[in-house]
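J.: Residue numbers (our numbering), protein chains in the order written: chain A, 1 to 113; chain B, 1001 to 1113.
Incorrect hints may appear among the rest.
[Stated by the list, open to error] Only pairs whose alpha carbons sit at most 35 Å apart, straight line, appear in this in silico DSBU-like list of lysine-lysine:
#1 K57(A) / K1105(B)
#2 K1061(B) / K1049(B)
#3 K1049(B) / K1105(B)
#4 K9(A) / K1068(B)
#5 K57(A) / K1068(B)
#6 K57(A) / K1049(B)
#7 K9(A) / K57(A)
#8 K57(A) / K1061(B)
#9 K9(A) / K1105(B)
#10 K1061(B) / K1105(B)
#11 K1105(B) / K1068(B)
#12 K1049(B) / K1068(B)
#13 K1061(B) / K9(A)
Hint data in this document are derived by calculation from the structure and do not stem from the laboratory.
Please read these numbers as outputs of a predicted model, since none were measured by experiment.
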Amino acid sequence: DSGVTQTPKHLITATGQRVTLRCSPRSGDLSVYWYQQSLDQGLQFLIQYYNGEERAKGNILERFSAQQFPDLHSELNLSSLELGDSALYFCASSVNGGRDEQYFGPGTRLTVT
Amino acid sequence: AQSVTQPDIHITVSEGASLELRCNYSYGATPYLFWYVQSPGQGLQLLLKYFSGDTLVQGIKGFEAEFKRSQSSFNLRKPSVHWSDAAEYFCAVGARGNTPLVFGKGTRLSVIA
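Turn these sequences into a full structure, and let the hints guide you.
T.: Below, the structure written as structure tokens:
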């Protein structure tokens, strides 16, 4: 158990809908990262937050957004969902960021039908 | 910016045989290097990390990795593979500053009897 929790574990929704994925980092970790993993794209870094502020951005679509709250939990919002958004979404956390090792949550499997 | 290459997409080894997974990185200074393992349907778990010092690092589950600066490599090894080692393995590199870790595309390991 990494100490990173993600909810929900599974999510099935229809195209055009909006969903919110939630992540609670390990106790004491200030950085949260979001990743998308699919068979064709592999593990893709989406975005990083550090102590409530956006720190780094990767291959995140404009339809996706994230935030980190004062209690350090984070949410990833996916809107106008398309079939191609079906994937595993992982959250990871680290003490600070940059070179720190990241600890991954168990993931949320999103299926868009 | 740093980058990581895992040249082998898929490797199959016999149970009890030795294993070496390759990882090459690109970074101008001394990097931080990591190996993660992902079992099917699970999140990524940290196997080992290299920050500085001894270039041979020991990790969990009997894995070790050797940092070779001259070859820009950080190969993962295990002397005797068990069927439970079948998984996806990711190499990652960290750089200075706030840049998050960069992950390789992964190597899938299959273990046969």
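J.: A separate judgement is required for each hint: does it hold in the structure or not?
T.: Against the structure, the hints come out as follows:
1. A C-alpha spacing of about 19 Å is found between K57(A) and K1105(B), which places the hinted pair at or below 35 Å, so the restraint holds.
2. A hinted pair counts as satisfied when its Cα atoms are at most 35 Å apart, and K1061(B) with K1049(B) qualifies at roughly 14 Å.
3. Between K1049(B) and K1105(B) the CA atoms are separated by roughly 18 Å; this keeps the pair inside 35 Å, and the hint holds.
4. For the hint pairing K9(A) with K1068(B), the CA-to-CA distance comes to about 39 Å; that exceeds 35 Å, so the pair is violated.
5. Between K57(A) and K1068(B), the direct Cα distance comes to roughly 30 Å. Compliance with the 35 Å bound is thereby established for this hinted pair.
6. Taking the CA atoms of K57(A) and K1049(B), the gap is about 24 Å. The hint holds against a cut of 35 Å.
7. A C-alpha spacing of about 24 Å is found between K9(A) and K57(A), which places the hinted pair at or below 35 Å, so the restraint holds.
8. For the proposed pair K57(A) and K1061(B), the alpha carbon gap of about 33 Å is at most 35 Å, so the pair holds.
9. Annotation: proposed proximity of K9(A) to K1105(B) holds, straight-line Cα distance about 24 Å (limit 35 Å).
10. About 22 Å separates the Cα atoms of K1061(B) and K1105(B), which keeps this hinted pair within 35 Å; it holds.
11. Annotation: proposed proximity of K1105(B) to K1068(B) holds, straight-line Cα distance about 20 Å (limit 35 Å).
12. With a C-alpha separation of about 14 Å, the suggested pairing of K1049(B) with K1068(B) holds against the 35 Å cut-off.
13. Pair hint K1061(B) plus K9(A) holds up; C-alpha atoms about 26 Å apart against a cutoff of 35 Å.
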